[in-house]
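Between the sequences and the hints, there should be enough to build the whole structure, so can you do that?
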Amino acid sequence: MNRNRRRRNEDDNGWAEWGGYFEAKKSKLQEQFRETAATEVEKISDIFKGVAIIVNGLTNPSAEELKKLMAEHGGVFHIYQHSSTTHIVASNLPNVKISKLGSVPIVKPSWITDSITLGKLLDYRRYLLYTNQSTSQPKLDFPVVNRTAKTASDPDFLGEFYNNSRLHLIATLGAEFKQLVAELRDRPERHFPGREKLLEIPTRLNCFVPAPVIMHIDMDCFFVSVGLRTRPELRGQPVAVTHARRAQINANKEREEAVTMNLDRQPEMIEVQMIDGKSSMSEVASCSYEARKCGVKNGMFLGAAAKLCPDIKTIPYDFEGYKEVSMTLYKTIASYTLDIEAVSCDEMYVDITEIFRIFNLSVEDWARHIRAEIMSVTGCPCSTGFGANRLQARLATKKAKPAGSYYLRPDDVEAYMAEIALADLPGVGRATLQKLKGLGLETCGDVQVASLSVLQRELGSKAGETLLEQARGVDKKPLNFHHERKSVSAEINYGIRFKSLDECHNFLESLSNEVWNRLDEVKMRARCVSLKLMVRAADAPVETAKFLGHGICDSFSKSTTTNYVITDPKSIYKEAKSLYEKLHVDFAELRGMGIQLTKLEKIAPINPTLNKFLQKTPTKREQIPVVAVPKPTVTSSKPIPKEKSTRGRPKGGKKAPTSSKNSLSNFFKSKKENAKLQHKQVEIDFEVLKELPQDIRDEVIREYNLDVDLAKPKPQPAAEDKILVPTETKKRSHFEGLQWCQLRPILYAWMKSEKEPANVDVEMLGEHFKQLALDRQIDMLKIAFNFLHRTFGQLDCRWHRAYHAIVDLTQQGMLARYGSMLFVNKDFDCCFC
DNA sequence: ATCCTCCCCTAC
DNA sequence: TAAGGTAGGGGAGGAT
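Residues 1 to 833 (my numbering) are what the first sequence spells out, left to right.
Do not rely on the hints blindly, as some may be mistaken.
[Claimed, not checked] Cut-off 25 Å, straight-line C-alpha distance, at most; resulting in silico cross-link-like pairs (SDA-like, lysine to any residue):
{"id": "1", "residue 1": "Lys437", "residue 2": "Ala415"}
{"id": "2", "residue 1": "Lys558", "residue 2": "Glu509"}
{"id": "3", "residue 1": "Lys278", "residue 2": "Ala251"}
{"id": "4", "residue 1": "Lys49", "residue 2": "Arg126"}
{"id": "5", "residue 1": "Lys297", "residue 2": "Phe161"}
{"id": "6", "residue 1": "Lys570", "residue 2": "Thr172"}
{"id": "7", "residue 1": "Lys435", "residue 2": "Gly460"}
{"id": "8", "residue 1": "Lys43", "residue 2": "Tyr124"}
{"id": "9", "residue 1": "Lys499", "residue 2": "Phe161"}
{"id": "10", "residue 1": "Lys323", "residue 2": "Glu491"}
{"id": "11", "residue 1": "Lys570", "residue 2": "Arg497"}
{"id": "12", "residue 1": "Lys462", "residue 2": "Ser451"}
It is worth saying that the hints were derived from the structure and are not from the lab.
As structure tokens, then:
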């Protein structure tokens, strides 16, 4: 991506390449495995003689593994498609790409694994990824036995499911647009070609718009509108986007029973009550306003929707179309401003204040202009709402829909709000609404006069407070243009019916790979893995009403904070598997599984100077001070001090391990040897020495013939030095297995990394930071290690580079003077200076 | 008092 | 048949 971006066209604000965004993602995958060194493999068979594959997109097994399998079994692996390529292997390939791939058959990866399992080349036609189920897909000339990955027991399931999941698409597209807005804003240049068009709008006098103005823009029934672009004959009719084509399915006794049994259990699900054993339980992803008039809602089962609206027409999904239209939408808005908070693929907030300030437009002029432009470039209608904050803008959109615009003027807010139904407030969902009903509250007007304490008692302190504010049209949350990820997860609660523990483990492994790929994609690393399970409720029927749905479930989750930074999918799988064992759930009862990663860290150093330095190959000079210290054998290491570390200790009443002593002792031995080697004098920091356990300290003093009188303290250290050394009141156990380090330079480096060095008052920041640490009662050592870890942890532990980066900064006058420093990583590699 | 874990809720 | 994902806010209750 980065490389592509540098090539960008200066005139288009980066858009030319944004169009190629998804393209770029795919080619990156290719780069990844091209870089993988060819591994020498032992030939096992000749199953794939004459077969030459390329891999397109994510697969399971991965491209790398397929490459190895092909080599082992006499096949050929191409990185790019070639005239001699015989098959394309893919788990999910957007329809739009198929036409470009020509006549080479596209097969599922299980063709390869199954062939190997059975020891012979199977007929690939049974493994074709595409069948002629949709007009946009290529027609196939031969009969196809469509082997669909129905349940999670199938290795192709994950990709196939995500390829067809609307919710997955919505979630991932939303996240991608958030990230893209952030990236665009990070570019130094600002270029808004769209604004020129505004000059053509005749300016009027007296169209003062009080600042700030927030615009909320939302496509009207997005999926339907995209689908109707090519189906004009359905305009004005009740239309729904669903997987199913018909609202009735063939009668099936078992299913009728299952439906009835589930109905008994879920009387609150109104739409479920409207269905019977013959109704389709395919969900309506989006429905037209004509369908909504009959009471049809998004998320409803098609069977239920058809009961309300017998004329309803169904149209299939068009995932590529959604991507394309949302891209165009964002592109259009961003040609006017980058003050955008992406909400989802079809919705965003835009701070429009600046545009009004510059162009002297009325809200109506602007709305008419932008809505017309969006209509013309996407072929889809949208609605816009304007207000002084995001809440007002959003409620205005509600009134504007469909295909309209509304400005909620500051003077009208109070009266307007009183009429708003509580259900229309963002954040008020099913559960909250029920609670409020219990209090006899239905409109914002009711809430306006309710007491805060009552609301808080019912909804919790935070939600109570926000609700009261919302009811008055107040929204203090500013738009967030720079979104930072706090978690990455992958979850599937459909098609989970394991027949063996192996199947369950395999699926968990696929999920681990998936979630790892997503983490890597956003260039982050994690330190916490959570596993979420959906388990059939004890009294729920084994057969669910919805085909392969999760039915009525209990959900459980468990997490583990690792004492290392996760740097591969195998670690995720290992942790997830162990969490699964701890939850004691029978694989046969599972109905859903998910893995979530939290405690995320950015993969790259933030400081550009440090970054640049770290990329350099170290010179000989730079390598000298690195001292390797043998790993302590007594205990496992903990890279970042954790209050809970003592809890994780062996419970058998063992004494706390003495790793600290051992490694310190070792450390000084190595230090001495190293000094001899270099014929250099050894410097030992007084404060470090003071903190050593008595016996080691004595040893060090003896070893080095030090002239130190610990009883007579050395000159009073500067104020900030005092806090650098953990005091005796701090529990030593926090730092078991860790070494001391001089903190000031590190903290300065940290602070510098977030603000550019120029014009930063180091002393002031130091004070500020100290206060922060004291206020929050965080150990300075913990902060320092967090920093070190976050910045350098993934760089193959090149601590010497970290050190020299800091020295470098110091020499440039960018850091304060530093004293002796000791850096330690989780493997007890040390560098000292 | 504050943090952490395991939930629940909400939005698209 | 059908494709019930994902991220963030926040609260209860236990641990420290």
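Right, here's what the structure says about each hint:
1. Taking the CA atoms of Lys437 and Ala415, the gap is near 22 Å; set against the 25 Å cutoff, the hint holds.
2. At most 25 Å may separate the alpha-carbon atoms for a hinted pair to count; Lys558 and Glu509 meet this at roughly 17 Å.
3. This hinted pair checks out: Lys278 and Ala251 have alpha carbons roughly 5 Å apart, not beyond 25 Å.
4. Taken as a hint, the Lys49 and Arg126 pair is honoured in the structure, with Cα atoms around 19 Å apart against an allowance of 25 Å.
5. This hinted pair checks out: Lys297 and Phe161 have alpha carbons roughly 24 Å apart, not beyond 25 Å.
6. In summary, the hint linking Lys570 to Thr172 is supported, as the alpha carbons are separated by about 23 Å, within the 25 Å threshold.
7. Restraint check: the Cα-Cα separation between Lys435 and Gly460 comes to about 11 Å, which is no more than 25 Å; the hinted pair holds.
8. Proposed proximity of Lys43 and Tyr124 is supported: the alpha carbons are some 22 Å apart, at most 25 Å.
9. Distance restraint check for Lys499 and Phe161: the Cα-Cα separation of roughly 19 Å lies within the 25 Å cut-off, and the hinted pair is therefore satisfied.
10. Between Lys323 and Glu491 the alpha-carbon distance is near 22 Å, which keeps this suggested pair within the 25 Å criterion.
11. At roughly 24 Å between alpha-carbon atoms, Lys570 and Arg497 fall within 25 Å of each other, so this suggested pair holds.
12. Between Lys462 and Ser451, the direct Cα distance comes to roughly 14 Å. Compliance with the 25 Å bound is thereby established for this hinted pair.
Comparing the model with each earlier hint shows no violations; every hint is respected.
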